[in-house]
Structures are given as structure tokens and as C-alpha cells.
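From just these sequences and the hints, can you work out the full model?
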Amino acid sequence: MDTDSIHSGYSHHSNRSRGSNKQSERSSRDRHKSHSRDSSSRSDKNVTISASSALPQQPDQSSAPTDAQDDNWGETTTAVTGTSDHSLSQEDLAGFGKETEGPVEKLNCVRFLPLALILLLGLLVLITPLSFLVLPQLMWPERLQACGTVCEGLFLSLAFKLLILLLAGWALFVRPARASLPRIAVFRALLGLLTLLLLLSYWLFFGVRILDSQDENYQGIVQFAVSLVDALLFIHYLAVVLLEVRHLQPCFSLCVVRSTDGETHHYNLGQLSIQRAALVILEHYYKDFSVHNPALLTAAKSRAAKHLAGLKVYNVDGAGSDAATAQSRAKIAAAARQRDTSHNELYYEEAEHDRRVRKRRARLVVAVEEAFTHVRRLQEEEKKKPPGDEMDPREAAQAIFPSMARALQKYLRTTRQQHCHSMDSIQAHLAFCITNNMTPKAFLESYLMTGPTLQYTRECWQTRQWTLVCEASVTSPVRHGSEFQLKSSDFSLVVTSKAIPHLKLSEEYVHPKSHKFVLQLQSETSV
Numbered sequence: 035m036d037t038d039s040i041h042s043g044y045s046h047h048s049n050r051s052r053g054s055n056k057q058s059e060r061s062s063r064d065r066h067k068s069h070s071r072d073s074s075s076r077s078d079k080n081v082t083i084s085a086s087s088a089l090p091q092q093p094d095q096s097s098a099p100t101d102a103q104d105d106n107w108g109e110t111t112t113a114v115t116g117t118s119d120h121s122l123s124q125e126d127l128a129g130f131g132k133e134t135e136g137p138v139e140k141l142n143c144v145r146f147l148p149l150a151l152i153l154l155l156g157l158l159v160l161i162t163p164l165s166f167l168v169l170p171q172l173m174w175p176e177r178l179q180a181c182g183t184v185c186e187g188l189f190l191s192l193a194f195k196l197l198i199l200l201l202a203g204w205a206l207f208v209r210p211a212r213a214s215l216p217r218i219a220v221f222r223a224l225l226g227l228l229t230l231l232l233l234l235s236y237w238l239f240f241g242v243r244i245l246d247s248q249d250e251n252y253q254g255i256v257q258f259a260v261s262l263v264d265a266l267l268f269i270h271y272l273a274v275v276l277l278e279v280r281h282l283q284p285c286f287s288l289c290v291v292r293s294t295d296g297e298t299h300h301y302n303l304g305q306l307s308i309q310r311a312a313l314v315i316l317e318h319y320y321k322d323f324s325v326h327n328p329a330l331l332t333a334a335k336s337r338a339a340k341h342l343a344g345l346k347v348y349n350v351d352g353a354g355s356d357a358a359t360a361q362s363r364a365k366i367a368a369a370a371r372q373r374d375t376s377h378n379e380l381y382y383e384e385a386e387h388d389r390r391v392r393k394r395r396a397r398l399v400v401a402v403e404e405a406f407t408h409v410r411r412l413q414e415e416e417k418k419k420p421p422g423d424e425m426d427p428r429e430a431a432q433a434i435f436p437s438m439a440r441a442l443q444k445y446l447r448t449t450r451q452q453h454c455h456s457m458d459s460i461q462a463h464l465a466f467c468i469t470n471n472m473t474p475k476a477f478l479e480s481y482l483m484t485g486p487t488l489q490y491t492r493e494c495w496q497t498r499q500w501t502l503v504c505e506a507s508v509t510s511p512v513r514h515g516s517e518f519q520l521k522s523s524d525f526s527l528v529v530t531s532k533a534i535p536h537l538k539l540s541e542e543y544v545h546p547k548s549h550k551f552v553l554q555l556q557s558e559t560s561v
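Position in the sequence shown (from 1) plus 34 gives the number in the numbering used here.
Derived by calculation from the structure, the hints in this document are not laboratory data.
Treat the hints loosely; a few may be bogus.
Calculated pairs, DSS-like style, for lysine-lysine (alpha carbon to alpha carbon, straight line, at most 30 Å) [said to hold, decoys possible]:
no., residue 1, residue 2
1, K521, K532
2, K550, K321
3, K550, K475
4, K521, K321
5, K475, K521
6, K475, K393
7, K418, K321
Next comes the structure, spelled out in C-alpha cells:
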């Protein structure tokens with residue numbers, strides 16, 4: 035009896051202590067959250083964006099908060115509308131997809147520096163031959179010899195050549211920068227240096243042989259300017275060969291592997307430098323690789339951490355010098371013994387996840403089909419109304435979105451794609467499908483199948499800042515066996531190159547009559 039009373043008193047005291055501990059932990063957690071919000075708000079004001087082509091890296095917070103949320107968060111919140119009685123409230127719709135909002139990209143003026151240099155060099159190229167023609171007319175016009183029809187023909191030829199050079203240079207060089215490379219482009223720098231050297235040579239010759247002596251042969255001066263334009267056209271032809279034609283023939287096969295999930299693609303490239311090859315690979319990555327979803331990679335880590343957390347090591351012999359090493363070895367040995375039964379847990383987890391995905395998908399398909407049926411009914415009713423009372427596709431999308439929002443958000447959370455789709459992007463896609471009279475299957479294709487990176491919102495891929503890691507110089511050409519990495523904030527692309535083998539084809543002549551034969555039939559047949 036006394037024992038029971040003592041035990042009950044102890045349990046009551048322990049319950050109160052646990053309750054007080056929970057309250058204290060909750061209050062300390064609230065204070066910590068408020069302090070973290072204050073500190074984050076203060077730190078946001080002191081953010082400095084470096085001068086790079088990408089946005090500042092943000093930590094990936096898409097998997098942690100969403101895992102802690104329940105998939106059935108919207109079972110008790112309903113908003114009665116004209117479409118369905120199973121929908122989301124306005125507060126939930128306002129908070130749908132807010133976690134995916136990212137920082138706005140700021141203007142980076144450094145990437146426009148090469149374009150400014152190209153424009154300055156082009157202006158110098160355009161002014162130089164015209165200066166050769168104008169300066170003698172301004173400095174000693176009374177001493178120049180008239181050349182008549184010959185000079186007029188040279189003027190016409192010079193004008194058309196300058197126009198062709200201007201258009202060709204605009205088409206080849208005046209382009210928006212696709213990326214900011216770590217080093218200068220060797221061929222572009224070589225062509226710019228060659229153009230400057232040519233202009234300097236012509237100016238020196240013009241200053242020494244024409245300006246100092248005040249040459250009276252104006253026809254020779256005009257031919258001198260025409261020869262400069264001809265040389266500039268040949269330099270442009272050299273630029274087309276080096277920048278556009280040289281790398282067209284495939285020479286290497288590059289294997290690109292994503293480090294997190296092992297997705298692999300192969301590309302054939304020509305003779306390029308390592309940094310140019312990295313740029314081409316990144317351009318192919320955004321349209322060929324599926325969007326990187328770090329939330330799908332947390333299941334294996336949590337499973338391994340759970341196995342190791344359930345192991346306890348007791349040191350019977352006391353503390354020694356290698357106690358930590360012995361504990362780690364004991365944990366590894368215990369984990370190896372549990373490896374025989376862990377496959378069963380993995381099998382049942384995957385089966386349960388597949389069952390949930392199929393269930394959520396069926397609910398989503400039914401909800402979307404009902405919403406599109408309601409849209410068709412509304413469209414038929416709109417035809418009977420006056421022209422001014424018709425509903426806009428954006429308004430129609432906002433009207434039917436609550437009926438499918440719960441099923442869609444549950445499916446996205448089950449498949450861990452909630453960070454890839456915001457409410458605005460879903461409504462815009464829904465309005466696009468309604469405008470073009472698409473089917474429900476066409477609308478669901480973007481959410482049921484994982485697409486390339488560029489298919490999703492800009493916040494999913496524009497915040498990437500890539501780092502090229504290579505043992506060789508990035509300006510050196512790609513060779514057989516070259517290896518380099520393109521590192522991002524949470525994964526990397528490992529690239530290996532192999533030379534395309536030399537193929538030898540031989541010819542074998544087949545005579546047209548060599549495959550002909552004669553069928554001989556016997557006159558007597560067996561009965």
C-alpha cells in the first residue's frame with residue numbers, strides 16, 4: 035500500500051515535472067524562434083550580392099519543413115463554392131507555395147563588359163577607313179589630284195563592303211552573353227588583338243607615308259582605305275572559321291553523371307576548350323536532365339541514421355585510449371548484422387509509398403476531370419450571355435482551382451514536388467490549358483511526370499552558381515581522358531571525355547547476276 039502511494043506520488047511528480055519541462059522547452063523554443071526571426075530580419079538587411087552571373091546561394095529548406103507537415107492537413111478546412119464542397123480556404127490558398135519564393139535577380143554589369151569592348155572595337159573599325167578618306171580633304175584639299183570615275187567606283191565598293199562588314203560583325207559578335215566564363219576566350223582575344231594590330235599598322239603607315247608627306251595622289255589614298263576594309267573582311271572570315279565552324283565536327287564523347295542520383299547523359303562535342311565544353315554541357319543539362327529533387331534523397335539517409343541511432347555501445351572495461359574507435363567498430367559490426375533484415379523494411383516502405391502515390395494520383399485525376407467538366411459547362415453557359423459578360427480564362431482558373439488544390443497539394447507532397455510548383459504557376463498553367471482547350475490529361479502531364487529543369491519556375495534553377503573544378507587549365511582544349519566537375523550548391527556534374535574512334539569503311543562489290551539461280555523441275559513426279 036505504501037509502495038503504491040509512493041509510486042503514484044512519484045509518477046504524479048514526474049508528470050508535473052515533465053509538463054513543466056515541456057512548457058519550459060516550448061517557451062524556450064518560442065523565444066529561440068522569435069530571436070531567429072529577429073536575427074534573420076536583421077541579417078537580410080546586411081546581405082551583399084557578389085558580382086557573379088548567378089544569384090546568391092540559398093540553403094535548401096524544401097525537404098525539412100514539408101516532411102514535418104501532415105499530408106491530411108486540409109481535411110478539416112473547407113470552402114463552399116459553386117464547384118465543389120471539398121476545397122481549400124482562402125488562407126490556405128494564400129499560403130500555397132509561399133515557401134518557394136526566392137530572391138529577385140539583380141542586374142550584373144560585369145557581364146556586359148565584353149559586349150562594350152566589342153562595340154568600341156567595331157566603332158574604331160568603322161571610323162578608321164572613313165578617316166583615311168576625310169583627313170586629306172580637310173588638311174590639304176587644294177593639292178589633291180582629281181581621280182574622277184575611278185574614285186567614285188572605289189567609293190561605291192567601299193560603302194558596300196563596310197555595310198557587309200557591319201552586318202556580319204553584328205551577326206557574329208553582338209550577342210547577349212550566355213554565361214560568365216572564368217577565363218577569357220582565347221580565340222576571341224586573339225581575333226581582337228589581330229584586329230587592333232591591323233588597325234595600328236594601317237594608322238602608322240597612314241601617318242608616316244600620307245600625313246607627313248601630304249600625298250597628292252587621292253586615288254592611291256582611296257585604294258589604301260579599300261585594302262583596309264578587305265583585310266578586315268578576311269579577319270571576319272577567320273573569326274567565322276574559328277568560332278563557328280571549327281567545333282562542328284564531333285571529336286569527343288562526353289559522359290555527364292549527376293553525383294546525387296546518378297542520372298547520366300552522353301554528348302558529342304567538337305574541338306572546344308574545357309570552359310566552353312562546360313558551358314555547352316550546362317546548356318544541355320537544363321533541357322535534358324530531370325529537375326534535381328533533394329527531398330527524394332533524404333529517405334535513405336534517414337533510414338541509415340535510424341539504424342545507427344538504435345544502437346547502443348557499453349564500455350565494460352572502462353575508458354581507454356581507443357574507446358571511440360572501439361565504439362565505432364562495434365556500431366559498424368552491428369549495422370552489418372542488421373543488413374540482412376533491412377531489405378525487408380526497404381521493400382515494405384517502397385510498396386507503401388507506391389500505394390500512397392497511386393491513391394493520391396487517382397484522387398487528383400478525378401478532381402481535375404470534375405473541374406474541367408465544370409469549365410466546359412461554364413463555357414456553354416457563357417455562349418448564351420452577352421459579349422461583355424464573358425469570363426476571362428484567368429478568372430475561370432481561379433474559380434475552379436480550389437476544387438483541385440487539396441488533391442494536387444497532397445499529391446505533390448507525397449511525391450515531394452511541392453517546392454517545384456507554386457500556386458501562381460499552377461494557376462497560370464491552368465489558365466493556359468483552358469485558353470487552348472486542352473484536356474485534363476494535358477494539364478496533369480506537368481505534375482505526374484518529372485520534366486526537365488527549364489520546365490519549372492525560375493526559382494528552381496536560376497539560383498544555381500556553378501564552379502568549374504579541373505586539374506588542367508580551363509583554356510586548354512578537351513582531350514581524351516579529360517575529367518572535370520561542375521559543382522553546384524548541393525550536387526555536382528562529373529564529366530569524363532573519350533575520343534571518338536577512327537572508323538574505317540571498306541567496300542565489297544556484289545555482281546548483279548551473282549544471286550540469280552535457275553529452278554529445274556523434273557517432268558516425272560511421284561504419285
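Hints versus structure:
1. K521 x K532: holds, 21 Å
2. K550 x K321: Violated, because 53 Å separates the two Cα atoms, which is more than 30 Å.
3. K550 x K475: violated, 56 Å
4. K521 x K321: Holds. K521 to K321 sits at ~18 Å (cutoff 30 Å).
5. K475 x K521: It is violated: about 37 Å lies between the C-alpha atoms, which goes past 30 Å.
6. K475 x K393: holds, 17 Å
7. K418 x K321: violated, 44 Å
Checked against the numbered hints above, the structure breaks hints 2, 3, 5 and 7 and satisfies the rest.
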